[in-house]
Amino acid sequence: MTLATGNDVELRGVTKRYGPILALDTFSLQVGAGEFFTLLGPSGCGKTTALRSIAGFITLNAGEVFLKGTRVTDLPPHRRRVGMVFQHYALFPHRTVAQNVAFGLRMQKVPKGEIADRVEKTLALVQLPRYAGRFPRQLSGGEQQRVALARALVTRPTVLLLDEPLGALDKKLRERMQVELKRLQREVGITTIYVTHDQEEALTMSDRIAVMQSGRIEQVGTPLEIYECPQSAFVADFIGNINLLRGTVIGHAEHQAAVDCRGAKLRIGALPGAVAPEAVMALRPEKVRLNPSEPLDNDLAATVVHLVYLGDSVLYHLRSDEGIELQALELAQAGGVRHQAGTRVRVGWRSEDASLLPLTSSPLPRGERLGEGG
Amino acid sequence: MPRGVGRGAEPPSEEISEGPRLWVRLALLLPFTAILALFFTVPLVLMAVISLSRQSFARFEWALTFKNYVRFFSDPFYVGVLWDTLWLGFLVTAAALLLGYPLAYHLARTRTRWKPVLLVFILSPLLVGIVIRCYGWMILLADRGLINGTLIEGGWISRPLPLMYNQFGVGLALVHVFLPFMVLSLTGVIKRIDPALLEASMTLGASPARAFWEVTLPLSLPGILAGSLLVFSLAISSFVVPILLGGFKVYVLPIIVYEQILSVFDWPFGAANAFILLLISLGIITGYIKVAERALRGLV
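Those sequence lines, one after another, are chains F and H. Residues 29 to 402 in this note's numbering are what the first sequence spells out, letter by letter. Residues 43 to 342 in this note's numbering are what the second sequence spells out, letter by letter.
None of these hints come from the bench; they were simulated from the model. All values derive from a computational prediction rather than experimental measurement.
Here are a few chain H residues that sit away from chain F, every Cβ distance over 10 Å (derived from the structure):
1) Arg63
2) Thr75
3) Ile77
4) Phe102
5) Leu139
6) Thr154
7) Gly171
8) Ile194
9) Phe210
10) Thr328
Facing chain H, from chain F, some residues (calculated, C-beta under 7 Å):
11) Ala83
12) His106
13) Val110
14) Met112
15) Ala118
16) His122
17) Phe131
18) Gln136
Derived Cβ-Cβ restraints for the label pairs, each shown as a range:
19) H:Arg252 - F:Lys199: 36 to 46 Å
20) F:Gln115 - H:His148: 24 to 34 Å
21) F:Asp340 - H:Thr152: 48 to 58 Å
22) F:Gly268 - H:His148: 46 to 56 Å
23) H:Pro237 - F:Val336: 36 to 46 Å
24) F:Gly291 - H:Pro237: 49 to 59 Å
Beta carbons are placed, not taken as given, at the ideal position from N, Cα and C, and that holds for glycine.
Make the full structure from the sequences, and use the hints.
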């Protein structure tokens, strides 16, 4: 994780209203040099608005934008030196691949010989060396994507902005482009801000992720922090699959809390600071054990209601005798499915594998952290 | 154009419909083709033959002579009229393009719910009959018309401005009625230009004006081409407007044709006039398409 010293991109208290809708609500952000930073959230959470305010396409209602420490809030897009890749690539259809890539250099009045040289090098970088003379419509989606990337990179911008660039590709190609994109980003060492609603994409590529909701950041952290220690039920729910159980806190010691959920007493990991009486317990399905060999902190009797065979794993839908609904994920054994629907099982998990989250989805004060930490 | 089938290219869709069978297609084309052949091609051929015939002492004689064409091109008056006609067509087209482009751009990009109303406004010149529209312009443009009358009354000018019975008046009325063709041709094309292309060019360092010049304008060329061809061919063949607002002081070829056939009764020469206009405008249009196509392909 890159610390915010000498930030390449900084947003301070940015607010943008569209009529009654608050697209960005005193939004602040710091992205360090060379960092791959992802804005992740459902559609309408303001992630694209945030990206577009960095590019300069949006007149802000309040707040400031800085690029490499220089205030650019009032600069038009063409004077900000950002590189941007659009969702549908936005390649100039009337220009060849080479002309598309050369466009930015032409605008910068780079000498002709140097343009040809840099275009060639950049096309080689995105592994399209022999495509210079083709037109965008003659390329596949993945190839167009690379050209768009080359066009954005060739001008050596301060920051590379990517707006759901893989959204239009099919799954296999998307996964390959994720790896490719990350390789390129590391090779060029360019500060990158990536917008996506796909949590898997965010987890695989990012140095840090900001999970957004309703124009605000819910949580910023490394993929590991976001996945392992979500600070709100929203983040927990948005990233991956998770069990969220609502309950009442009945006991609270330094390293453990007890929560009453439908009459069952559940034990949950370390909790510095005060806790509201009503809370949500978050537990990843892969941390739930079925018929554990040794006794765990939590132990419920349950029935397998339904199961989903996923090939490499099996997802069990369980209902405990108290009526608690839980999901458990197990790697598929050699014998395939271990428990059939209708079977009685014992369900267990370690207290430190579960975390206690506040009931509301509003972000917690900075630094305060629930769950087991790190 | 061959489609790229490099790595990761999408497989071609297998649901390409072959469309109706050949005989169905031919049958569907037949009615219009028949009408066109009977009422357009045959008269056109007839006209070509007549234009090669001879008129002597008000009597029509079949012949095969280029005398009518020679007469046209050796008389500076007729060549002058031809030139005036083409020049008028060019001016009207250019004016319609310059006035229509911003209108079309707005119409293509606006998200107002009043869009249908805007469209009706733009089409409104076509909803008024040609004679009424011309008399409307006369009321405005005449020496004692609304504009000159007001200006003289107000003491701004002492003599009326020459607004009518000249190329200006004719051009103005023509632009007025042909503007919808230009706007509609442009709107469809501009609407299909992805706004992200402009944004992309701006992030690459193009000012808004440069982005327009490099991206929007080249990509609207098909619309400019279609609109210009429509307006140009309509303008050079217009007849009523030049007569009413030109008052026989602005001569265009269609007026000559009219006079030759209906007043002078020299059918061969009238037909030759019409044919010359047709061939020259076809030549100009072909040249224009060629140039525009090259511009569309290269564009740097």
